[in-house]
Amino acid sequence: MITLDELLERDKKREEDGFKRKIRIGRIVKPGAGNREKIIVVPTTVEEKFVHDDTLLNDQSPGEGEPTGGTGEGEEGDVIGEQPVRPEEGEGQGEGDGEGPGEGQGGEHEMEANAYELGKVLSQDFELPNLKDKGKKRALARYVYDLTDKNRGVGQILDKKATLKKIVETNMSLGRIPDVTRIDSAGFVVSPRDLIFRVLSREKQYESQALVFFLRDYSGSMGGKVTQTVVSQHVMLYSWLVYQYERQVETRFILHDTEAREVTDFQKYYSYKVAGGTKVYTAFQMVNEIVEKENLARDYNIYVFYGTDGDDWEKDGKQTLVEIEKIFTYAARIGISVVKHTYTGTKETEVEKYIQGSGVLDRHSHLIKMDVMGENVDDSRIIQGIKTLIS
Amino acid sequence: MELVNQHAKGIMEECKLRARDAGLRFDDETLEYIVTNRDMIELSPKIMIPTLYDYWVHDVRVLSGKGMYEAYPSNPYETVINTRPAISFYNDNNPDWLNVMIFYHVLAHIDFFQNNLYYKNTWDVDLAGQALADKRLIAQLRSEKGRWVDYVIEFARGIDNLVGFHRDLNRTLTREQGHVPDRIDFYFDRFLQKIKSIPQHVYLKEIDRYNQCRKDHADFFDQVIEQHPEFEEIFQKEKQKISPVKMDVMEYILKYSSFLRREENEWMKSVIHIVRSTSLYFQPQIRTKTMNEGWASFWHAHLFLKDDRIRGHETDFAKVNATVTAMPKVGLNPYALGLRLFEHIQEMEDRGRYSLDYFQLKDAVLRTKYDRTKNTGTDYIFFVRENMDDFSFINTFVDQEFVDRHHLFVAGKRFNPQHNTWQYYIKSKKVADYKQMVINTLHHPPDIYVVEEKTRNGILYLNHRFENKPLKQDFIENTMIGIEFLWGGPVHLETSVPSAAAQPGSPYINFWDPGAAGKTADSRQSPIQWKRVRYVLKDRKLHKQEL
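Residue numbers (the UniProt record's numbering), protein chains in the order written: chain A, 1 to 391; chain B, 1 to 547.
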């Protein structure tokens, strides 16, 4: 069986041979209880053929889906059921629907296990830049004690179920259970060796040493593919971090329109959208607040990744630049991705303009990177972008 | 993967006896294997043929299948492949009573494979063995030519849905039934009457002469050629016209591609052949899904309940059977639909309702009471399983009685902006609409063929016979790049696209009742206007020209 790596390698060869790439990274989403959704990373591909396109025809009127079969009582025109277009968020006011179904909603912990494969592929090319030794916590081993190991004969707590099993096993081998449908437990012989105990044992726990802030513009202008692209890139970055640095990386998620807010997990980070305006500095300001309040700079290597369509109400970016300058004092890297709407054309967006104009890209070239791409880019370009951001 | 144990095999053999008694017909030998769900995931991209050639797309499907399984575990009971001997796969943890049910299901599938005429061309093929030989050939080529083998597979698969399945089948069946008019028929039926328009008494005389010749063992045509020296030529021409041996796109490329004809590319032909014959092999299966599953469900229920070996497991059976054959409130289940339809046909025929009498009867009460107690229903469904495919099955037998009886309807789905929900509603309970909706779900590749007159100067000219369904635009470029590669020159494709002025989204013409389209149409929308365009692919670049 071929591995994902080999598939991608083969896909690279395609390009050299003059054909388009065909493998895309797909994500299967399994809705779970609450917001704990599971995301599974898989490769996908389509085999192009001449086939009929039914989409044009089934849209008999605007907003009408494909008809199918059904059974039951009722007359023509009766409504037989309703289904939410998207699962309820369950909280928050004014939050619209997420963008890009299947793009990768993930409860944090479930996601970690499954983003592994994708991360593994990406890891060959990337490495977090400017990683510094930050004191004691880098040792990352801490122990807790838990009743997890089992022991025969002696121990702290008797495991009744396991013990009973053992007793039955012993008695069966001694031939003391002639008829399994009528067991007389009074006749059991109990050997001391049959007692199973749970014993206290030392379990390793890890401390984080890198902290990554994901920042995203979720204002009204971020409609459609722009959000998908930003989120795709952040999903990949996140996957890679999970793989490469195992549990040593902590993540925080911040969304902003004219105000910034922190959300608890990647799914919320990914799916929220509001129709508000855009003040970019608020997100960076919040990063500074969090870092200061929780005194994070001492123990962590801090990375900030920001995704936007480049729109900002603050044309000169004065406040944004002030906040960014502050971040330079402690962060190992700021990566800004500007994903442009097609209608913007080649025109520079506000964010591009003031970041370029301020000269920070040259002055702090090892601390800040910016990547600009169009909204219709494919996965390989997005990966290219990640390389730029962390180079 | 291992063969089932002797105990299970014994159950299977007993099932065979009972199935045969009920009228099912199949070969004596079958092979049953136990597989795990993991095996199933790995087999399904290879259309369940363990020996199918290796190809990276299969691997991609396996990887995503594993992901899918992780998210949504499933537990398929069985799969059968149509080969000789028939091979079936079973889950490793079925209890005996469930195996009885599944074995009946499988036997009915095998019966279907081995008796339905659409499978005619697969009847003598040991597919598993054939595939193994192909797999080895491809593996060997890959060791010599590297990834170029995979490109050829990819490009060949790009057009493997355009294979002339019906043409091939027609060829086999007509050859067998002798439908191609022979010389005698042609001479008497067409040549003398239509072409020469000879008077009747001459015609009768000629018949006499023919009979005489037969008696004397003389050559009848000696004199014919003397009289009509042009006869032979006209006959040959006519024969061509009646059964034109038209080639599908793959065959055409195989035969005429200048690129494939080069010595260093000769090997590609065998790869294309493999892809083509594999595709052909599975065509009948795609086209009889509803029937095949319905037939198997019909028999497993029928035979299981009569089987005395499973006393006490009736409720278990009912539970499993219901999950397989329940009619969904919204959606289509081929198992359920096919099963209901076979039952319906059997009953209709038992009562003698497929008759002119019944057809002409307009009185609803009399119709429901109509019963001629013909009791030929069982024979009739055997006839149906032998001669029909999904299209003819559904088109012929889904009638208003069927739709009413099972409360079937076309379920529409529309967006409700107030609630932000999809709303499902009963769109139609008319048989014509229901039939159309089911038929729209059936496999129907576009009709694309080579226009020989326009295939000149190294250009391969393809025409898409338009059926009011456009081609999927995103796929055109890559498919054509593949064809260009195999053809070794520019490729043109003529097809239809919506013209810019038209609003997309009006109902298509109802094939059975063209007048009905206007009635159901939303009057606010004008029908789509189509225009012919030509896609031109040259040097891996696609251009579009209006015609």
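One should not assume that every hint holds.
[Unchecked claim] BS3-like cross-link-like pairs, simulated, lysine-lysine; straight-line CA separation at most 30 Å: (1) A:Lys12 - B:Lys413; (2) B:Lys413 - B:Lys369; (3) B:Lys362 - A:Lys49; (4) B:Lys46 - A:Lys22; (5) A:Lys49 - B:Lys145.
Keep in mind that the hints were calculated from the coordinates and are not lab data. The structure displayed is predicted, hence computed values, not measured ones.
Run the structure past the numbered hints and jot down the numbers of the failing ones, going up. 1, 2 and 3
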